[in-house]
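Student: Single-letter residue listing:
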Amino acid sequence: MTILYNGTYPGLLSAIFESYRIKARPTRIVPEADWRGSLFEEPLVVATRSDWAERVRAGVVKKTSKKGERMLYRCLLSEQPDVEMLIYDFVRQSMKSKTNWADNYLDDTVLRLQQIDKKMGREIHRMHAFVRFQQTRDDIYYAVIEPDFDVLPLIIDHFEKRYPAQTWLIYDSRRHYGMFYDQQRTEAITFAEKDHLNLRQISASILEEGETDYQEAWQKYFTSTNIPERKNMKLHLQHVPRRYWKYLVEK
Amino acid sequence: MNQKTQEKLEILADAAKYDVSCSSSGSKRKNTRTGLGNSTGSGICHTYTEDGRCVSLLKILLTNFCIYDCAYCVSRSSNDIKRAAFTVDEVVDLTINFYRRNYIEGLFLSSGIFKNADYTMERLVRIAKKLRLEHQFNGYIHLKAIPGASEELLDEAGLYADRLSVNIEIPSEMSLKKVAPEKNYKDVLEPMGYLKTRIKGYKEERKQIKKAPLFAPAGQSTQLVVGATPENDLKVLQLADSLYQQQSLKRVYYSGYIPIPTDNRLPVLKAPPLVRENRLYQADWLLRFYGFKVDEIVSEAFPELDLEMDPKMAYALRHPALFPVDVNKADYEMILRIPGVGVKSAQKIIQARRFGQLRFEHLKKIGVVLKRARYFLVCADKDFLHLGWDPDTIRSQILHADPKNRKAAQLSLF
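Listed in order, the protein sequences are those of chains A and B.
Using UniProt numbering, you'd call the opening residue of the first sequence number 1 and step up by one each time.
Using UniProt numbering, you'd call the opening residue of the second sequence number 1 and step up by one each time.
Derived by calculation from the structure, the hints in this document are not laboratory data.
There may be inaccurate statements among the hints.
What the hints assert, rightly or not - Okay, derived cross-link-like pairs now, DSS-like style, lysine-lysine, Cα gap no bigger than 27 Å in a straight line:
hint : chain 1 : residue 1 : chain 2 : residue 2
1    : A       : Lys161    : B       : Lys203
2    : B       : Lys4      : A       : Lys251
3    : B       : Lys28     : B       : Lys344
4    : B       : Lys196    : B       : Lys30
5    : A       : Lys98     : A       : Lys23
6    : B       : Lys344    : A       : Lys119
7    : A       : Lys67     : B       : Lys364
8    : A       : Lys66     : B       : Lys365
9    : A       : Lys246    : A       : Lys118
10   : A       : Lys119    : A       : Lys251
Said to hold, decoys possible - Far from chain A, some chain B residues (derived; all Cβ distances over 12 Å):
hint : residue
11   : Ile67
12   : Tyr202
13   : Glu231
14   : Leu322
From a predicted model like this one, the values you see are computed outputs, not experimental measurements.
For each residue, glycine too, the CB sits at the ideal point set by N, CA and C.
Can you build the whole structure from these sequences, using the hints too?
Tutor: Take a look at the structure:
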């Protein structure tokens with residue numbers, strides 16, 4: 001049986017709840033938007049219900065830990081194919097297990113989820129590091145990112161705490177949405193298609209006057225703080241892979 | 001910002017780069033609603049230079065004018081280099097604006113000594129104070145504690161900085177006297193000891209009163225230059241260990257000496273001793289996270305670290321009787337001693353074996369480096385082993401498996 005859900009985390013948890021309720025094991029759980037139809041089966045569409053989602057969420061927290069539950073959310077945002085079934089399988093095993101199933105590194109599902117979670121963690125950490133804000137004339141600190149996974153929802157907390165008195169916008173140009181913080185709260189925003197191209201590369205005309213000076217100063221600092229006698233490009237590339245260079249002022 | 005400031009930045013970043021301390025970790029400083037920045041415990045490396053070193057803090061000298069003439073230092077008074085000095089406002093402005101753009105975690109501020117210790121320290125403190133009080137800056141600040149500065153200034157520094165450091169630089173007093181005649185160990189250890197008691201005092205106070213101020217919450221660090229003077233690894237690691245034990249330092253940094261050919265008090269090296277530096281860091285990790293004692297890593301019989309392999313591997317080969325370790329039965333401490341098993345893998349092994357017997361495939365997926373570990377452990381797959389436990393055989397096997405060594409061996413045939 002194939003279950004369709006709305007692509008969100010509460011949606012997936014609702015789908016898992018429903019599979020328990022009707023006592024049917026899914027063979028696939030797919031976001032509705034990705035479903036291409038099939039001649040041979042009629043999928044079950046499960047609507048998102050926050051009370052169902054909450055019951056599954058609380059159950060996982062109780063059976064594993066807050067961290068275990070958080071891992072599932074992070075893994076879903078990895079956009080890996082079939083990650084839904086891994087999560088489903090994990091929830092099922094957790095409910096049956098007396099000990100914290102997340103510790104069971106003998107289990108293939110746990111190992112795969114842990115590996116995905118590790119990749120997510122790495123990407124989150126890189127975004128904490130590699131976001132580069134540019135100050136615009138209307139005093140918005142603006143950054144464009146293109147992360148490997150959909151980590152934007154997982155990084156805003158860090159930036160809210162760090163820059164509470166600064167208006168900022170971080171835009172994911174691969175997934176076409178951004179997070180805008182107005183010194184009160186953060187909201188997801190999208191741009192019209194025609195604006196999208198302009199936003200990848202901010203033109204100098206909308207930048208605050210001193211902006212390019214600070215960028216230049218940072219580039220100079222980056223060069224001066226290097227020790228040529230110790231040059232080690234392999235290590236350099238390992239830490240700053242080329243695909244991230246596009247948005248780094250110093251590269 | 002004018003062109004002048006950018007030029008100063010180039011000079012004073014270049015002069016500060018030989019201080020290898022980079023970390024922005026170990027502090028917990030919360031932000032306020034209207035403030036700028038925070039530190040969360042684990043640091044962030046915002047970029048890496050082409051030498052592969054992390055850039056976390058804006059690391060600069062306030063000035064590279066210096067009254068001292070220490071042979072190992074580029075800023076020594078006899079060296080013919082461009083000199084510059086930042087104003088307090090320049091440093092504050094750069095820090096704030098780099099931080100707002102998410103280039104850095106904070107400021108690392110050191111300085112050449114101009115006029116005297118107090119005069120220099122007072123300026124460093126003034127910058128930190130301005131950042132904290134006028135700009136509500138809650139990012140990371142690492143300040144140098146200048147040897148000879150007054151206790152009042154050190155007290156003030158601790159109130160604004162996350163980490164303080166005094167560099168020992170030369171790993172024995174005898175060598176220090178040779179290369180830096182104006183310096184001695186007492187001057188360096190005194191502020192370190194003073195700060196240690198202050199840090200401890202404030203920590204105690206915070207246990208009682210939550211609102212008590214933070215005092216250098218990320219503790220102290222220092223740096224040892226290796227390869228400039230004749231101290232062996234035993235000497236260096238004993239010194240480091242005593243600094244961890246007695247001065248409660250958070251970090252000791254090792255800096256492979258980069259030759260400055262113009263000063264004849266120091267040896268001429270072809271290249272900085274990077275492998276040795278790397279081995280020292282590995283040994284340092286064994287001391288801090290793996291429960292090793294110094295004399296298990298180096299001793300009078302083996303005073304130098306093996307450059308061909310990591311110190312844990314070298315330890316295992318010197319103690320064949322302790323291996324192989326059964327990962328399904330051994331305790332955590334012993335599992336940590338298996339080469340190729342890190343802290344995280346060891347913890348996962350302990351957790352996973354409650355669910356069943358571990359086999360090689362599990363170990364591999366957990367993250368154990370089997371290339372090294374397989375010679376030193378047994379698991380539920382019994383029939384894997386062909387080599388026996390002869391240390392010499394294992395050593396040559398491991399060295400041969402490393403592609404770097406294979407290439408060298410082939411070349412030497414011609």
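Student: The structure should be examined with respect to each hint, and the outcome stated for every one.
Tutor: Hint-by-hint comparison with the structure:
1. A:Lys161 to B:Lys203: 25 Å, holds
2. B:Lys4 to A:Lys251: 23 Å, holds
3. B:Lys28 to B:Lys344: 23 Å, holds
4. B:Lys196 to B:Lys30: This hinted pair holds, its Cα atoms lying about 23 Å apart.
5. A:Lys98 to A:Lys23: 22 Å, holds
6. B:Lys344 to A:Lys119: With a Cα-Cα distance of about 16 Å, the restraint between B:Lys344 and A:Lys119 holds, given a limit of 27 Å.
7. A:Lys67 to B:Lys364: The given pair, whose Cα atoms are some 23 Å apart, holds under the 27 Å limit.
8. A:Lys66 to B:Lys365: It holds: about 24 Å lies between the C-alpha atoms, which stays within 27 Å.
9. A:Lys246 to A:Lys118: Holds - the C-alpha atoms of A:Lys118 and A:Lys246 are around 24 Å apart, at most 27 Å.
10. A:Lys119 to A:Lys251: Measuring from Cα to Cα gives roughly 24 Å; hence the hint holds.
11. Ile67: 24 Å, holds
12. Tyr202: 24 Å, holds
13. Glu231: 21 Å, holds
14. Leu322: Nearest chain A Cβ is 25 Å from B:Leu322, so the label holds.
The structure meets every hint from the earlier list without exception.
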